[in-house]
Every structure is written in C-alpha cells, then in structure tokens.
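Student: Residues per chain, in single letters:
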Amino acid sequence: MITVRFFAMLKSLAKTEVKEYSVSGPVRLEELKSMLKKDFPALSGVLDSRSILISINQEFASRDAVVKDGDEVGLLPPFSGG
Amino acid sequence: MKTKSSVLVKIQEKGFSVGEVVESVKAASKGIGAVVTFLGAARDFSKGSVITGLDFEHYPGMAEKKLIDIRERALKNFDIIEMAIVHRTGKIEIGEDIVVIAAASAHRNDAFMACEWAITELKRTTPIWKRETTKSGEVWVSETP
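The listed protein sequences correspond, in order, to chains A and B. The numbering of the first sequence is my numbering, which starts it at 1 and goes up by one. The numbering of the second sequence is my numbering, which starts it at 1 and goes up by one.
Any given hint might turn out to be false.
Stated by the list, open to error - Straight-line Cα separation of at most 30 Å, DSBU-like style, residue types lysine-lysine; simulated pairs:
1) A:K15 x B:K47
2) A:K11 x B:K14
3) A:K15 x B:K76
4) A:K11 x B:K135
Honestly, the hints are just simulated from the structure, not real lab data.
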C-alpha cells in the first residue's frame, strides 16, 4: 500500500486527507500522479506545478523518484508558516 | 530522557510565553551574553484584504523534523550556543503570537544572524500552511503565492 497525504489547498481540492493505493511493485512518481489525476480530477491542473513539492516518507523527493509498497507520499503546496 | 531538540523545538496548539522560551535557551550556558528573538504575530491585513482569523495546518512528523533540522544546522553553522523554535498550529486570533525563535550567543551579532537565517529557512522548508479568514471566505495562502 502507498499512502498519499494531501495538505492545505490540495486537501480542499481532493476533498480528502488520504488516499491509499495497492501496488504490485515500485511505481514512478509520474505514474502515481497519473493515478491521482484520474481519481481526483480537481487536482489535474495543479499536480504538475513546480510549486507543489513532493515528499516520500517525510523527506523531500525529486520528481523522478520511485515509490514502493509501504511508502508515504506527501503532496505539499507552497509553505506559508512563520 | 528527552533530547534537547524535543524540549526546545515544538509545534503546539496552545500559546507560548516568549519569556519562558528565552529562559529555556539562556539555561544552556552562563556564557550567553545575547538572546535575539523573532516573534511572528497574526496581523489583520494581507494583500489588501482584512483578515479576521488564521488557521495553521502542519504535516505532523515532517514539520517537527524540519524545525529540529533548522536548530541543528543553526548550531553547526553559526557561532551560537542555543536555539529554540516554537510554532503554533490550529486557530489563531488576530494579535496572537504564531512563532518564536530565540537564538542565544556570547555576542549579539551571531544571534542576530542565526535568528534571521532560521526564520527564513522555516518559511522555505517547513511544511506548515496558513489559511486566512477574510470577509469573502477562507483562503489558503498558498493559493495566492
């Protein structure tokens, strides 16, 4: 299972905090994004934005990273803390 | 036993006392001669709109890790003795405090530099998001970068 967590505006657009995907092997982030766009059409316009950062297991990940069973993926809009 | 980071770096809903945070870094050493604090507060306007309240969300676990990392890098890269960072989450009223960073050093210049670097780094790397309540509704600040 890959757990995808949505935050802030992405959570509002997806209308959920978490989505889980059963996978049979490693999945490229690009493939995961395609799955997300299909399941959450409201996200399709923003997921490719360079301002959206992605984390894997709570560390920043590059766009060509691969996720595997048990990983937690965070979709992170621009931060506005402080 | 708690590590220093878990005592000096916190994300919490409740308010904080700036005085207590300052004392927590001063307790590190009798060699401290300067403490510089940055205090972020909730103001009532943003980009021309009247703001009536704020609501902060964070990525539990990752946000704490990023703040701990900021403290550790500040201690390594600046000539400071201690640093504390406390950030609130959840609903925050106008005028209330949001974040405090306290940097302690022997001489003031090192603490000024470390504190300024730390708040800039916090805004850049820490997964915390602000939602503003305006007359026309609630807006995630990241929607209008």
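Student: Take the hints in turn and mark each one as holding or not.
Tutor: Structure-based check of all given hints:
1. A:K15 x B:K47: OK: K15 of chain A and K47 of chain B at ~27 Å, within 30 Å.
2. A:K11 x B:K14: holds, 24 Å
3. A:K15 x B:K76: Between K15 of chain A and K76 of chain B the Cα gap is close to 42 Å, so the pair fails against 30 Å, i.e. violated.
4. A:K11 x B:K135: holds, 22 Å
Violated hint for the displayed structure: number 3, the only one.
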